[in-house]
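Colleague: The whole structure should be built from the sequences, with the hints applied where relevant.
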Amino acid sequence: MEQFNFQNLHCIFYDDNEILARRLTSQFDLSFNIKYEPKQHSFSCSFEYKTNCFRHETIEKLSRQYQLLTRQLFDNKPMYELSILLPEDIRIITDLSIADVQHQHQQQCIHYLFVDRCQEHPQKLCIVLDEQSLTYSEVLYYVQLLSVYLIKECYVQPQQIVCQCVDRSIEMCIGILSILTCAAVYCPLNQQYPQKRLLSVIHDMQTQHVLVHQLTKYKFDEINIQEIIYNLKHRCLLDNELELLSNVKLTADHIAYVLSTSGTTGQPKFVPICHRNFTSFIQSFSSNLQIFTSQDNVIQIAQCSFDVHFEEIVGALVVGSTLVMLHPSGHLDMSYLSSVIQMKQVAFIDTVPTMMMSLCDYMQETIQCERLKSLRCISVCGKYLNLFVV
1 MEQFNFQNLH CIFYDDNEIL ARRLTSQFDL SFNIKYEPKQ HSFSCSFEYK
51 TNCFRHETIE KLSRQYQLLT RQLFDNKPMY ELSILLPEDI RIITDLSIAD
101 VQHQHQQQCI HYLFVDRCQE HPQKLCIVLD EQSLTYSEVL YYVQLLSVYL
151 IKECYVQPQQ IVCQCVDRSI EMCIGILSIL TCAAVYCPLN QQYPQKRLLS
201 VIHDMQTQHV LVHQLTKYKF DEINIQEIIY NLKHRCLLDN ELELLSNVKL
251 TADHIAYVLS TSGTTGQPKF VPICHRNFTS FIQSFSSNLQ IFTSQDNVIQ
301 IAQCSFDVHF EEIVGALVVG STLVMLHPSG HLDMSYLSSV IQMKQVAFID
351 TVPTMMMSLC DYMQETIQCE RLKSLRCISV CGKYLNLFVV
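All the letters of the sequence shown, read from the start, carry residue numbers 1 to 390 under the working numbering.
Because the hints were derived from the structure by calculation, they are not lab data. Careful, some of the hints might be misleading.
To be verified - The calculated EDC-like cross-link candidates involving lysine to aspartate or glutamate, where the alpha carbons are at most 20 Å apart (straight line), are:
no., residue 1, residue 2
1, Lys344, Glu60
2, Lys124, Glu81
3, Lys61, Glu48
4, Lys344, Asp130
5, Lys35, Glu60
6, Lys77, Glu120
7, Lys196, Asp167
8, Lys217, Glu171
Modeller: Now the structure itself:
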């Protein structure tokens, strides 16, 4: 092995910018360089690009967008409020929105209000379930995808009743919004009901379609209906398919959903709720009373057989809140429920007195009352509320 000794070796320092200036050919089609200056406590950025791949105007716009985004990051804005829209882009969008024809009756339909929230905050978290989450724009995409499928493949017609038998999940929320978007009527089926009760509801509703999970499909194998399983991973939405949704005729006076009540006779009674009734209620609920607002995280507690579940899910989404879902039977596990309230910073909860009592008892026994500090409003209803619970 030979050993090399270097004597009288002089190193010449080259600045990065000088090296870039001497190089006549870009190494990559597009590269982005950041240089930190410790003495000045600043950093400088530069784009290097091939002129046969990018125009100078394109790179200039990219640099302006990056500068705009960087300034917003230092302003500590919420993630969903970050934007790369330049002033000229905002002017174009504003001009287009002014030119749009607004139909007043459409604004009273539930799914139109949801679309408005998606346009306002497309990157805001819409639905959260443990480690899973979807933004408003992502939920809208899947809602449109399933709605088009219901219309094209299942031939669902406006005001036709579509049932759903799905356990607590993100898909449950997407299914409800999809049924409303294709102008059909949503009817929930509680999978915990005996099969005889489920078949009775389907018979009374005269429905031909039921949205199911793989875990609930077996409940309907013996009856002549079309079972629709959530399996949209390999489908994509085409531009011409969106026209199907635009052409759906619906007014605020059409029925949005139907709920069954036990009644005094033991036979279920069905109550229809129209779009106008629900949107008027939820707008008063959020705007006038400030029960929950777009800034709040709302947790979903009620089973789908109770009217409150529609308020929790759809109400939160048309207001612009973040909806926090629980895994199946999670509402019965006080440790899990309280930890979700704390971790997801839930501000609004709607429950019954017995569950509220169980939750408070657990908090006292485990000395973890701080888990409920984020709650701003607690709604307790459905049964007699005694002084102890208060």
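Colleague: Compare the structure with each hint and give your call.
Modeller: Hints versus structure:
no.: 1; hint: Lys344 <-> Glu60; verdict: violated, 40 Å
no.: 2; hint: Lys124 <-> Glu81; verdict: holds, 8 Å
no.: 3; hint: Lys61 <-> Glu48; verdict: holds, 14 Å
no.: 4; hint: Lys344 <-> Asp130; verdict: holds, 9 Å
no.: 5; hint: Lys35 <-> Glu60; verdict: holds, 19 Å
no.: 6; hint: Lys77 <-> Glu120; verdict: holds, 16 Å
no.: 7; hint: Lys196 <-> Asp167; verdict: holds, 18 Å
no.: 8; hint: Lys217 <-> Glu171; verdict: holds, 15 Å
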